[in-house]
Amino acid sequence: MNYATTENPADWKLPSPRKLGILTLILAESALFTIFVVAYLFYMGKSLNGPYPHEVLEFPLLGTIALFSSSGTIFLAERCLHAGNKPGFSLWWGVTAALGVYFLYFTGAEWYHLIFEKNLTLASNTFGTTFYSLVGLHAFHVIVGVLLLLGILISALRGRLHSDHTEHVEAISYYWHFVDCIWIVVLTVVYILSVRVPQ
Amino acid sequence: MSQEIIIDENYRMPEPVRVGEETGSLTRVMQQLVFTVDHKKLGLMYIGAGLLFFVIAGLLAGLMRIQLAFPNNHFLPPDVFNQSFTMHGTTMVFLVGMPLAFGFANYLVPLMIGARDMAFPRLNAFGFWVFFFSGLFLYFSYVGAPGLYAAGSAPDVGWFAYSPLTTKAFSRGHSTDYWTLSLLLGGIGSVATALNILVTVFCMRCPGMTLGRLPIFVWCMVVLSFLVILALPCLSACQIMISLDRYLGAKFFDTQAGGDAVLWQHFFWIFGHPEVYILIMPAFAITSEVIPVFSRKPIFGYPIMVAAVVAIAFISLGVWAHHMFCVGMVSLANAFFVTSTLLVSIPTGIKIFNWLATMYGGKLRFELPLIFCIGFLFQFLIAGLTGVMLAVAPFTWQLSDSYFVVAHFHYVLIGGLLFTIFAGIYYWYPKAFGKMPDHKLGLWHFWLFTIGFHVTFLPQHFLGFLGMPRRIYTYQDDRGWDTMNLISTIGVAIQAAGILFFVYNLIYSYIWGKKSGDDPWDAWTLEWATTSPPPEYNFAKLPVVKSRRPLWDAKHPEDPDWKHE
Chain A
1157 MNYATTENPA DWKLPSPRKL GILTLILAES ALFTIFVVAY LFYMGKSLNG PYPHEVLEFP
1217 LLGTIALFSS SGTIFLAERC LHAGNKPGFS LWWGVTAALG VYFLYFTGAE WYHLIFEKNL
1277 TLASNTFGTT FYSLVGLHAF HVIVGVLLLL GILISALRGR LHSDHTEHVE AISYYWHFVD
1337 CIWIVVLTVV YILSVRVPQ
Chain B
98 MSQEIIIDEN YRMPEPVRVG EETGSLTRVM QQLVFTVDHK KLGLMYIGAG LLFFVIAGLL
158 AGLMRIQLAF PNNHFLPPDV FNQSFTMHGT TMVFLVGMPL AFGFANYLVP LMIGARDMAF
218 PRLNAFGFWV FFFSGLFLYF SYVGAPGLYA AGSAPDVGWF AYSPLTTKAF SRGHSTDYWT
278 LSLLLGGIGS VATALNILVT VFCMRCPGMT LGRLPIFVWC MVVLSFLVIL ALPCLSACQI
338 MISLDRYLGA KFFDTQAGGD AVLWQHFFWI FGHPEVYILI MPAFAITSEV IPVFSRKPIF
398 GYPIMVAAVV AIAFISLGVW AHHMFCVGMV SLANAFFVTS TLLVSIPTGI KIFNWLATMY
458 GGKLRFELPL IFCIGFLFQF LIAGLTGVML AVAPFTWQLS DSYFVVAHFH YVLIGGLLFT
518 IFAGIYYWYP KAFGKMPDHK LGLWHFWLFT IGFHVTFLPQ HFLGFLGMPR RIYTYQDDRG
578 WDTMNLISTI GVAIQAAGIL FFVYNLIYSY IWGKKSGDDP WDAWTLEWAT TSPPPEYNFA
638 KLPVVKSRRP LWDAKHPEDP DWKHE
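Order-wise, the sequence lines are chains A and B.
Heads up: the first sequence at position 147 corresponds to 1303 in the numbering used here, and the numbers run straight through without jumps.
Heads up: the second sequence at position 429 corresponds to 526 in the numbering used here, and the numbers run straight through without jumps.
No lab work stands behind these hints: they were computed from the structure.
Where is the CB? At the ideal position from N, CA and C, for every residue including glycine.
Among these hints, one or two may not hold up.
As the list claims (entries may be wrong) - According to the in silico footprint, chain A covers these stretches of chain B (three or more CB under 8 Å from chain A):
1. 175-181
2. 356-368
3. 459-468
4. 546-560
Stated by the list, open to error - Pairs of lysine-lysine residues, derived as DSS-like cross-links and limited to a Cα-Cα distance of at most 27 Å, are as follows:
5. B:460 - B:652
6. B:611 - B:138
7. A:1169 - B:611
8. B:265 - A:1169
9. B:265 - A:1202
Stated by the list, open to error - Every beta carbon over 12 Å from chain B, so not counted as near; a handful from chain A, in silico:
10. 1166
11. 1168
12. 1176
13. 1198
14. 1210
15. 1225
16. 1227
17. 1264
18. 1265
19. 1354
Sequences are here, hints too, so could you generate the full structure?
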């Protein structure tokens, strides 16, 4: 077939599949979270029996600080990678993973406190149902994120991370920022809004 | 620089032995199916699996029609009837409609945009196998679902599984869990494939294939994938909630503990209505390719056609509660959803008029694909008109959950979707197998299926007016429903005869069909630029595109499209 060739194929630029792939995945995950957030908002203040949010929830200050600052450290790690500073990358990337692990520890401690001292379980009331499912879904995404971070960290420490992996790293950092953004929503809805709603 | 290269003249490279090609033929075919990441093979596997499930769900429908042929019939017990309509609906939506759409998208999108494969070939295989096993899992419920309680076998809660039917109290055993987990699994596969299609279209186009030059088929598949990405996770959320309710005592839909059964309906239809447009999108896609080629004219109003598809998808995200006019929403909500639903008819009307305008003054070639598309135009119009009727809340108050609704959505999904699927299969059959489908057998298929379809579903509109509710397993003989039910059942037999001709045609043409050559329809999109069937790498040299009809440009260098676009 004889195609017209006046347009120069060398000028043809398209977005990177990995980046667009992760952004699409984030879009799908956002839809998933939306339903759980709406369920939480819908049942807010409608529990028939206690415990109620204002009785048992405490503002998760340390966990929040850890998660939010991890978005900064992952940015620093990426900047090191672009500058070719591999030890710096491993350091900040490791700090990011550690902050994620700390957030999970914090959530675990919070849940232990709620379950064994405040008697709030998934089956207690609609608050328990929507609280554990929403916060749990987010925590599950943090777990996945931490595993991804650790995978990259291991290959970086073994010296297997090369310049052609920058896109992998970037994709994971997009995902991590997304998990962070979701936490802003969860924090606002669960820990700021719902504790102020009268029962 | 001192390294010497020794050249041994007598050395011959050993023939590479590829995995799956070393043993006898059946094993080899099986291995190729299991190992393949080729978008064309996976596309055909999607279509094949979709047609297989279509036959199974069609048989279930046949059983239900036999049961309903006469009043007070006892062909099927009530519990088996409930399982049959649940499995029929679930299968047709999740294991037939979506896989067929993905099959066509998989096979054609890379070819149409001049790419060598999908963006993520292994993810593609993952998506197919997850879908296929979710289907097997659903059907395994017939064997595995009784569980410890020995109650129920296949799921029997209807394809939208309204709460509280799905609670432990009303659905003992594990049938609902098979339904839930199967859809959760299938949802993951669908999102994977939709993601793949989106990334492929945006990142893999050949030089010159700008978004404004994409075939409308590809545009429709992009829109379909966006809808899948936005809607399917909502379904997954629903399934997670049911599982938490059933197994961990959560209260999402437990009304006694303050849960809300209507919330399930909202959540389900937030997924469910975009799903309807996911299912009809392949119809728009295929029609927009077939009608121009067989009218020998470029599509009328390309930008408007694309805008209409995007508008339909956008509006479809805000119409879900028109499935719920009868649950007693506030008037404002009713008014909103009536209005938004009626709005859909505007872009849909634009599409119908543009297809007609494409045919108007064209040199029509009445080959099988065009014949089926013309059937689609008439039947989809009827489906659209009953849809507009049902969009009006007071009308729905009268006819909701009646056979009128059943007739409406079968006109959409069979008269609309399935007819274009047949058109698409006949249109691209030469591309996939290098053989022409037999015209005469195809005509038998068309006429038997069309007549059978209308004989089955036209009377169901009137049964709805006469008050026959959907999902009843039998009825008394003094209702005046018996004649039309009998006619409807006879129609199923005629449809089945048509399907037999279709299946026979596929096999007959594969073995004895005429060789088609690379471009039998004298078409204009890139998939016809390569051989039939295409090689694994699709294009030896990636094409460069300058207009919306690259093959027209290639065939008519004296008057190419890009001079006029």
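For each hint given before, does the structure comply? Return the numbers of the non-compliant ones in rising order.
1, 3, 4, 7, 8, 10, 11, 12 and 13
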